[in-house]
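> Below, each chain spelled out in residue letters.
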Amino acid sequence: MRFGLTALVLTAAFGAGILAVLGASPLEAYRLIVIGAVGRPERVAFVLAAWAPILLCAAGLLFTFAAGLWNIGIEGQVIFGAVFATGALRALEHTGPPWITVLLAGLAAILGGGVWGLLAGALRAYGNVNEIFGGLGLNFIAGSLTVYLVLGPWARPGIASTSGTLPFPQTVWLPTLTIPPVAAPTEILLGVAAMGVAAAALRGTYFGLHLLAIGKSLRAAHLRGIPTTREVLRAFAACGGLAGLAGFVLVTGAYSRHQLFPLISGGNGFLAILVVLLAGYSAGAGILISGVFAAISMGSLQLPLAMQLDSSMGGVIQSALVLLIILLRGVQARVVHREGVSRSPL
Amino acid sequence: MILAAAVVAASPPIIFAVLGETIAEKSGVINLSLDGLLLLTAMAGFAAARAADSLLVGMATAMAVGALVGLVVAVASLALRQNQVATGFVLMLLCQNLAYVLGTPVAHVPGPQVPHSPIPLLQQVPIVGPVLFRQDALVYLSFAAAAAVWWYVFKTRPGLMLRGAGEQPAAAVARGVDVVRLRYLYAMAGGALVGLGGAAFSLAVKPGWSRPYGIEGTGWIALAIVIFGNWDPLRAVAGAYLFVLLQTLATVLQSLMPHVPTQVFPTLPFPLMILALLLVTLGNSEWTHRVLRRLPAAARRRVLRALRALEASPPAALGVPLEPRE
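Taken in sequence, the protein lines are chains A and B.
Residue numbers 14 to 359, in the numbering used here, belong to the letters of the first sequence in order.
Residue numbers 2 to 327, in the numbering used here, belong to the letters of the second sequence in order.
Any given hint could turn out to be false.
Covered, in the sense of this in silico footprint (three residues per stretch, anywhere, with C-beta under 8 Å from a C-beta of chain A), are these stretches of chain B [to be verified]:
1) 67 to 81
2) 88 to 102
3) 115 to 128
4) 275 to 282
Read the hints as simulated data drawn from the structure, not as lab findings.
These figures come from a predicted structure and were not determined experimentally.
Ideal Cβ positions, reconstructed from N, Cα and C, are used throughout, including at glycine.
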């Protein structure tokens, strides 16, 4: 994060330029974003709730990025997690204690996301289909599956609308932990733990080391006797499982909509790709950056109401920041080393 | 025949986009930002055409924006040695978000539109006339662009150098070709063509601007079509027509099956995209060969021949940075 400050200043200037073109006051827009993110205790709780799914996705992406793979199918894996969680909750809603229902829904979500990830992995490993395109196709298929479910078999009684399935009762919501004055969503702990475990697994397990070796050179890893196909499939399954857990959080989190709706993944997976591009394999940096991104996303939701600006302004800031840091890294490598050829994505 | 005319009318954006990406990738530069770039150039082209009340200004603006994004990809990769996929992915998100933010003032407003202009004598030709020659100027331009790109890449000396930059950059450099300069040039030219594709959406095929614009995902399809087309401009154009045909059929299917939710149909091309990519890449897969080894020799030969006919292999140096000379 050597260029963090420079990039932040440049991004702020770029954003100000965009806002100036639209005739909006940059300072007012930035002030609204900050206030929208941390202005009131419940806003902070919203940011924490938005933080968790990004963390879970970013943790999963550590595995696929380590193996040099672009798991762009992560959005579909989040959706599949949400679909499986919703299915489990619907099936078990009225049987047994709620906490068991929620636990089983979480496991179902891991399974759903994992299977969808495995499919992208299998297309890559067995069919040589580039994981970027295989994954993207699977994203769109998952998206249309939610539309079908929401309007078809899982439609609300009476009214079938794309707004979503019937919301689940409070008994199956994830709990909050009140640290006055904020009622913090507990799934944030899940996200932080996932990030820590994933980063540690890359350094301290054979699985992680195999993936890093595959990322350096698939061929060399294969020749050294690493079961590359199996490890690539496991990386996709692990990433899909964690993405599925993010989908579960999006359905059951205390501040979520407690329902399945189309596009439930909401760009969390793509945002997590940006996070990992910046943070690399560092758990601390990943946690910090996803927090900042969650705050920007939440804060920019204020813009349409107060200033008639599109809420995508948050996305402009996030992606411009990442682009500038990538460019600055290149400038630095050029000035300092002159031979810093970057082949791996991170 | 109405169907064929509709397909031809709707395909210029995709054709320009796949031609542009093919040129860039042929020279060794992947521009992965296509999905966002099409949105941004569609918005920019419409906004500029509306402000200047000139279609040409709109198209030129869209092409300039496309070339600029191509330049960013090229600078990041060639001068700064950063991963092309990473830069392209981030640019995809940036362009998409920029399109939504900057497009707010021109959303849901009327604006100029490319007029229908049948070609006098040719439109009388039976069958071919109504399908090919009762269209707008962008459609005719897309025919010309497809032929011109193919001719340029495969039949001219600069085209040979373009292919050299993507296939054998080291050899091209040894022959005195300035590969880096060529890659800059074609990344920008390709981006400009993609930009024209964006303008073809907002000024002709899907006039105007809105959020969401409804073409989200098309850029990714275009990228897949480039692979499916095996980096051959004409095969890519055929892929583009095939995709638009599928899209059009999906709308027809929609009216035949009213009980299926309408939002499902636009996603139908995506499973087919995966299947198509699977078909053209299966021949490269080690696993395929391992499985085929179990078949009797005659059957194996037949399967391999079929797979090889379909096979797509990218320019050898695609996405690989040129090693600095010591």
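> The structure should be examined with respect to each hint, and the outcome stated for every one.
Going down the list of hints, with the structure as the test:
1. Evaluation of the coverage hint for the segment 67 to 81 of chain B: fulfilled, as 5 residues show C-beta separations to chain A shorter than 8 Å, against a requirement of three.
2. Counting residues of the segment 88 to 102 of chain B whose C-beta lies closer than 8 Å to any C-beta of chain A gives 11; at least three are required, and the coverage claim holds.
3. Counting residues of the segment 115 to 128 of chain B whose CB lies closer than 8 Å to any CB of chain A gives 0, which falls below the minimum of 3, so the coverage claim is violated.
4. Look at the segment 275 to 282 of chain B against chain A: 4 of its residues bring a Cβ nearer than 8 Å to a Cβ of that chain, three or more, so the hint holds.
In summary, the structure is inconsistent with hint 3 from the numbered list given earlier, while agreeing with all the others.
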